[in-house]
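*Asks:* So you can see what is in the structure, the chains are spelled out below.
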Amino acid sequence: MIATARAILHKDLLLELRTKESVPAMTLFTLTVYVLFHFGLDRDSLDGELASGVLWVTLLLASIIGVSRLFGAEREQGGILGLLLAPVDRTSLWIAKAAGLFLMLVAVELVAVPAFGLLLLGPSLGGALPELLLVLLLGNVGIAAVGALVAALAAETRAHELIVPLLLLPLLVPVLISCAQATEPLLRQDAGPEDLGRWLGLLSLYDVVFVLLSVAVFDFLLED
Amino acid sequence: MAAIELDVLERRYGERVALAGVSVRVERGQTLAVLGANGAGKTTLLQVLAGLLRPHGGRAVVLGAELPAERWKLPGRVGYLGHEPLLYRELSARENLRYHARLHGVEGARVEVVLAAVGMERRADDPVRELSRGMVQRVAVARAVLHEPELLLLDEPRANLDPAGAEQLEPLIGKPSGRTRVLVSHDVRGAQAEADIVLRLEQGRPAPEGQEAYA
Chain A
1 MIATARAILH
11 KDLLLELRTK
21 ESVPAMTLFT
31 LTVYVLFHFG
41 LDRDSLDGEL
51 ASGVLWVTLL
61 LASIIGVSRL
71 FGAEREQGGI
81 LGLLLAPVDR
91 TSLWIAKAAG
101 LFLMLVAVEL
111 VAVPAFGLLL
121 LGPSLGGALP
131 ELLLVLLLGN
141 VGIAAVGALV
151 AALAAETRAH
161 ELIVPLLLLP
171 LLVPVLISCA
181 QATEPLLRQD
191 AGPEDLGRWL
201 GLLSLYDVVF
211 VLLSVAVFDF
221 LLED
Chain B
1001 MAAIELDVLE
1011 RRYGERVALA
1021 GVSVRVERGQ
1031 TLAVLGANGA
1041 GKTTLLQVLA
1051 GLLRPHGGRA
1061 VVLGAELPAE
1071 RWKLPGRVGY
1081 LGHEPLLYRE
1091 LSARENLRYH
1101 ARLHGVEGAR
1111 VEVVLAAVGM
1121 ERRADDPVRE
1131 LSRGMVQRVA
1141 VARAVLHEPE
1151 LLLLDEPRAN
1161 LDPAGAEQLE
1171 PLIGKPSGRT
1181 RVLVSHDVRG
1191 AQAEADIVLR
1201 LEQGRPAPEG
1211 QEAYA
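From first to last, the protein sequence lines stand for chains A and B.
Sequential numbering of the first sequence, starting at 1, is according to the working numbering.
Sequential numbering of the second sequence, starting at 1001, is according to the working numbering.
Wrong hints could be hidden among the right ones.
[Said to hold, decoys possible] Within a straight-line C-alpha distance of at most 20 angstroms, the following computed SDA-like cross-link-like pairs (lysine to any residue) qualify:
no.	chain 1	residue 1	chain 2	residue 2
1	A	LYS20	B	ASP1126
2	A	LYS20	B	ARG1089
3	B	LYS1073	A	LEU84
4	B	LYS1175	B	ARG1189
5	A	LYS20	B	GLU1130
6	B	LYS1073	B	HIS1056
7	B	LYS1175	B	ALA1002
8	B	LYS1073	A	LEU81
9	B	LYS1073	A	PRO87
10	B	LYS1073	A	PHE102
11	B	LYS1073	A	LEU221
12	B	LYS1175	B	VAL1198
13	A	LYS20	B	GLU1090
14	B	LYS1073	B	ARG1028
15	B	LYS1073	A	LEU222
16	A	LYS20	A	VAL111
17	B	LYS1073	A	ASP219
18	B	LYS1073	A	ALA86
19	A	LYS20	B	PRO1127
20	B	LYS1175	B	ALA1193
21	B	LYS1073	A	THR91
22	B	LYS1073	A	ILE80
23	B	LYS1073	A	ASP89
24	B	LYS1073	B	ARG1094
25	B	LYS1073	A	ARG75
26	B	LYS1073	B	ALA1002
27	A	LYS20	B	ARG1129
28	B	LYS1073	B	PRO1055
29	A	LYS20	A	HIS10
30	B	LYS1175	B	GLU1148
31	B	LYS1073	A	LEU28
32	A	LYS20	A	PHE102
33	B	LYS1073	A	HIS10
34	B	LYS1175	B	ASP1155
35	B	LYS1175	B	LEU1161
36	A	LYS20	A	ARG75
37	B	LYS1175	B	ARG1025
Hints in this document: simulated from the structure, not taken from any laboratory.
Turn these sequences into a full structure, and let the hints steer you where they fit.
*Replies:* Below, the structure is given as structure tokens:
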């Protein structure tokens, strides 16, 4: 199963490198939204709750672009049929798609988080960076697990670009709450990891539940 | 044991009947030609035989697998060449075939063998989007036979090929391949000439005896 997932992931990364369809669009979207917030809020710098909310809502909205395109090549070029004809465990497709989305989110955040720090954030990111990286890691796992599931659900529908946000965003509300709450104390002027363990615990639980749920149901999503 | 046994097979899309009352028995090594006008149900029949669509009525046994219950027995044993080449346009022919080889657990060396067999060694590293339709069809044939399937399901396999190209692919997908084949074609004479059994479909149902499928 892992070898198949690696083959699919390798193919997906190769396609993304060649087409540059998802990561540049997601990155540009986050940067644009940060600039819009910069002018829309008419404030030079944010901190605490507001900064945390802006950071995570923007990342979640950017993930819609990646999720919408996750099965693009499979849908448009018959990749799903190719997979169904091969003697592979279908769960390997979910593993590959979730891993691909996770890597895309990491690539976006490598640009988006420093840009957020420069454009909007009052306090420096430096001191809280290790804790913030942990929150980003667990948040990305949750988004990737749910995103790959939703992308597969929407792949064969005509209005997939409408269905993806309608399904994805409500499912990601717990991720948003946990990530924003865990990040909020890290972005205060007097930064400190307040209640971090509690929110990371909730986020980890969410990740485990959705990984297990996805593994359990993914096979049935590809049924005729 | 027959390679394919269909007994009053039925398949619907919602309320619309795509296949009904289709019965046929194909022994191993035989070729079944499926003829019919556009929309007759030929492609649907191929997809049911490949295990991609589940039958809604009747009985369908393919390579000993009772469909749909034993559909899991089919992947890796069927070579499917449909209207779409099932190739990624941004990848080269070689990259596409290597990817499918990994999915099927086939050695990488086999990729070079099939590339040579379809005459695509020289253009193997070009992206599929840069290939002509005939070349794409050759690569699609290579993909379909890469894993040496027991059953070949071929929908217009010679479409877009010049006569020399079609001849070159004969050992892979023609009668000389020795494989059980289901061949969908609009070339009635050609299909009849290479078929052991002919099934004529008319709006999803077997055409009455003596009636031409294209009448």
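*Asks:* Let me make sure I understand: some of the numbered hints might not hold for this structure. Which ones are they, in numerical order?
*Replies:* Violated hints (numbers, rising): 10, 24, 25, 31 and 33; every other hint is consistent with the structure.
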